[in-house]
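Undergrad: Sequence:
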Amino acid sequence: MIRSPWEIDQELGLSWYRTDFAGTGGTLRNTPDDFEVSEIANHTMSTGPYLICVLKKKNWDQHRAIKAIASGLGISQQRISFAGTKDKRAITTQYISLYNCSENDISRLSIPDMSLTPVGTSQHPIGLGNLEGNEFKIRIRGLSDSSLVVSPESFIQTIAEGVPNYVGYQRFGVIRPVTHHIGLEILKGNYQEAIRVMIGKPGIRMEEREQEGRACYLDTEDPAQCLHLLPNRLSLERSVLHYLVSSPHDYLGAIRSLPRTLRSMYVSAVQSWIFNVTLSLRIEEGRSLYEPDVGDRLIWPDGRTDQTTSATVRAATVQTKRGKCGLALLLPGGTFVPGPGDDDKNISHILEQQGITSDMFGTITKTLDTTFAGSFRPILMKTDLSISHIEEDTIVRFSLPPGQYATTILRELMKSDPISMI
Numbered sequence: 001m002i003r004s005p006w007e008i009d010q011e012l013g014l015s016w017y018r019t020d021f022a023g024t025g026g027t028l029r030n031t032p033d034d035f036e037v038s039e040i041a042n043h044t045m046s047t048g049p050y051l052i053c054v055l056k057k058k059n060w061d062q063h064r065a066i067k068a069i070a071s072g073l074g075i076s077q078q079r080i081s082f083a084g085t086k087d088k089r090a091i092t093t094q095y096i097s098l099y100n101c102s103e104n105d106i107s108r109l110s111i112p113d114m115s116l117t118p119v120g121t122s123q124h125p126i127g128l129g130n131l132e133g134n135e136f137k138i139r140i141r142g143l144s145d146s147s148l149v150v151s152p153e154s155f156i157q158t159i160a161e162g163v164p165n166y167v168g169y170q171r172f173g174v175i176r177p178v179t180h181h182i183g184l185e186i187l188k189g190n191y192q193e194a195i196r197v198m199i200g201k202p203g204i205r206m207e208e209r210e211q212e213g214r215a216c217y218l219d220t221e222d223p224a225q226c227l228h229l230l231p232n233r234l235s236l237e238r239s240v241l242h243y244l245v246s247s248p249h250d251y252l253g254a255i256r257s258l259p260r261t262l263r264s265m266y267v268s269a270v271q272s273w274i275f276n277v278t279l280s281l282r283i284e285e286g287r288s289l290y291e292p293d294v295g296d297r298l299i300w301p302d303g304r305t306d307q308t309t310s311a312t313v314r315a316a317t318v319q320t321k322r323g324k325c326g327l328a329l330l331l332p333g334g335t336f337v338p339g340p341g342d343d344d345k346n347i348s349h350i351l352e353q354q355g356i357t358s359d360m361f362g363t364i365t366k367t368l369d370t371t372f373a374g375s376f377r378p379i380l381m382k383t384d385l386s387i388s389h390i391e392e393d394t395i396v397r398f399s400l401p402p403g404q405y406a407t408t409i410l411r412e413l414m415k416s417d418p419i420s421m422i
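Here the sequence shown is numbered in the UniProt record's numbering, starting from 1 and rising by one per residue.
There may be inaccurate statements among the hints.
Below, a list of computed lysine-lysine pairs in the DSSO-like style, where the Cα atoms sit at most 27 Å apart [claimed, not checked]: (1) Lys188 with Lys345; (2) Lys188 with Lys366; (3) Lys67 with Lys366; (4) Lys201 with Lys188; (5) Lys188 with Lys137; (6) Lys321 with Lys345; (7) Lys382 with Lys88; (8) Lys188 with Lys324; (9) Lys366 with Lys321; (10) Lys366 with Lys382; (11) Lys321 with Lys201; (12) Lys321 with Lys137; (13) Lys88 with Lys58; (14) Lys88 with Lys67.
Simulated from the structure, these hints should not be mistaken for laboratory data.
All figures in this text were calculated on a predicted structure; none of them were measured in a lab.
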C-alpha cells in the first residue's frame with residue numbers, strides 16, 4: 001500500500017493505492033473515442049408499453065442526453081429510464097426504456113453523435129441497477145513510464161486478487177468536486193445552502209464567464225443576474241436559476257425540479273464519500289482487506305449480508321478465502337445503521353462529525369421522493385485485465401459489475417494527477 005500524493009484524493013477519501021508500482025502516468029480521454037463503455041444486460045422482451053432501445057452516444061452527458069431525447073420526442077423526461085449513468089467524454093452504449101413510444105417515433109429522431117435502436121418492448125421499465133455490468137476499452141496516451149505495461153503480469157495478478165473498491169471520481173467531480181457537498185446540505189435540510197454550493201462554489205480551470213457567474217451567485221444570490229453570466233453549456237445550473245426566477249426563494253422546489261436520478265445522486269454521493277473515507281481508515285489502521293475480523297460485514301454474490309462475531313469469524317475466514325463471500329462496508333441510510341464493528345464505529349464517528357442522523361435519510365426520502373435506506377458495498381474490486389499497445393499508447397480492456405468504477409482500476413495503473421483522468 002502507498003498513500004496517494006494528490007490533494008483531491010485525500011478530499012474524496014481515495015487516500016491509498018493497493019499497488020506499490022510507480023505507475024505509468026499518462027492521460028485519459030484525449031478524445032471521446034479513447035474511452036468506450038458498453039453495458040452488459042439481458043432484458044426480457046414481451047408485449048408491453050415500454051419500448052426498449054439501445055442508446056449509443058459520443059461526448060454526451062447522461063442527463064443532457066435524456067433531456068435531448070425527451071425534447072426531440074416531445075415527451076417528459078420521466079417517461080425515459082435507464083440502468084446506470086455513463087461517462088460523458090466517451091463512446092457509450094446502453095439500454096433505455098421509453099414509455100408509450102413507437103419505433104416510428106424513434107425513426108424521426110435525429111440528434112448529432114447519438115443513435116437510438118429499438119430492440120423490443122417490455123411490460124416493465126428499465127430501473128437503476130438493472131444491468132449485469134459494463135465492458136471497457138480504454139486508451140491511455142502519453143505514458144511517462146512504459147515498463148509496467150511491457151511486463152504487466154504482477155500488476156494484472158494484483159488486480160485479479162482485488163484492490164480497494166473506491167467510488168470513483170465521476171461520482172464527485174474533479175474540476176468541481178461538489179456533489180457530496182450538495183448532498184450534505186440537502187440531507188440536513190439546508191436547501192438554500194445546497195443551491196449556493198451547486199451554483200456558486202468555484203472549481204479549477206474555469207473560463208472567465210463561468211467564474212464570473214458563480215462568483216455572482218455567491219455574492220448576490222440573484223438568479224436573474226447570474227443567468228446573464230453563466231454559459232449556456234451549464235444547463236443544470238441554468239435550469240435551477242430559471243426555476244428560482246419564476247419561484248423566488250423556493251430552494252426545495254428548485255431541487256425537486258431536477259430529474260429524480262440527479263436528486264438521488266447528490267445524497268448517494270454522501271454515502272459514497274463516507275464509504276471511501278471509511279475504507280481508507282481501515283487501510284490506515286492496518287486492517288486486512290481480504291480476511292475478516294470480529295464485527296466485520298460480509299456480503300455474498302446474491303446480496304445477502306452478515307456480520308461476524310467471535311463465534312463465526314473463523315468460519316467466515318474460510319468462506320472468504322474460498323471466494324464464497326467478501327468483506328463489505330455499510331452505506332448508512334434510514335434502514336441500515338452502524339453496529340459495533342470497528343468499521344461501523346468509524347462510520348458513526350464520521351456521521352457525528354458531519355451532523356448526520358439516520359432520521360435525516362428517512363426525512364429526505366419523503367421530501368425528494370427517492371429512497372435512501374442504506375446498503376452494503378464490497379470493499380474489494382476484482383477483474384481480469386488485458387493490456388495491449390497501439391503505437392506509443394496502451395489499450396486496457398476489462399469488465400466490472402454494476403456500481404464499480406473504471407477509474408478506480410486505472411488510477412492503480414497510472415497514478416496520474418486526477419485531472420488527467422477525467
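Undergrad: Determine for every hint whether it applies to the structure shown.
TA: These are the hints, each one checked on the structure:
Between Lys188 and Lys345 the alpha-carbon distance is near 21 Å, which keeps this suggested pair within the 27 Å criterion. With a CA separation close to 13 Å, the supplied pair Lys188 and Lys366 stays within the 27 Å bound. The straight-line distance between the Cα atoms of Lys67 and Lys366 is roughly 25 Å, inside the 27 Å bound, and the hint therefore holds. At most 27 Å may separate the alpha-carbon atoms for a hinted pair to count; Lys201 and Lys188 meet this at roughly 18 Å.
The suggested pairing of Lys188 with Lys137 is violated, with an alpha-carbon distance near 40 Å, which exceeds 27 Å. At roughly 25 Å between alpha-carbon atoms, Lys321 and Lys345 fall within 27 Å of each other, so this suggested pair holds. For the hint pairing Lys382 with Lys88, the CA-to-CA distance comes to about 24 Å; that is within 27 Å, so the pair holds. Distance hint between Lys188 and Lys324 is unfulfilled; the C-alpha atoms sit about 39 Å from each other, more than 27 Å.
Using a Cα cut-off of 27 Å, the hinted pair Lys366 and Lys321 is violated, with the two alpha carbons roughly 41 Å apart. For the suggested pair Lys366 and Lys382, the alpha carbons sit about 36 Å apart, so the restraint of at most 27 Å is broken. For the hint linking Lys321 to Lys201, the alpha-carbon distance of about 46 Å lies beyond 27 Å, and the restraint is violated. Using a Cα cut-off of 27 Å, the hinted pair Lys321 and Lys137 is violated, with the two alpha carbons roughly 30 Å apart.
Using a Cα cut-off of 27 Å, the hinted pair Lys88 and Lys58 holds, with the two alpha carbons roughly 8 Å apart. Restraint check for Lys88 and Lys67: the C-alpha separation of about 14 Å stays at or below 27 Å, so the hint holds.
Hints 5, 8, 9, 10, 11, 12 from the earlier list are contradicted by this structure; the remaining hints agree with it.
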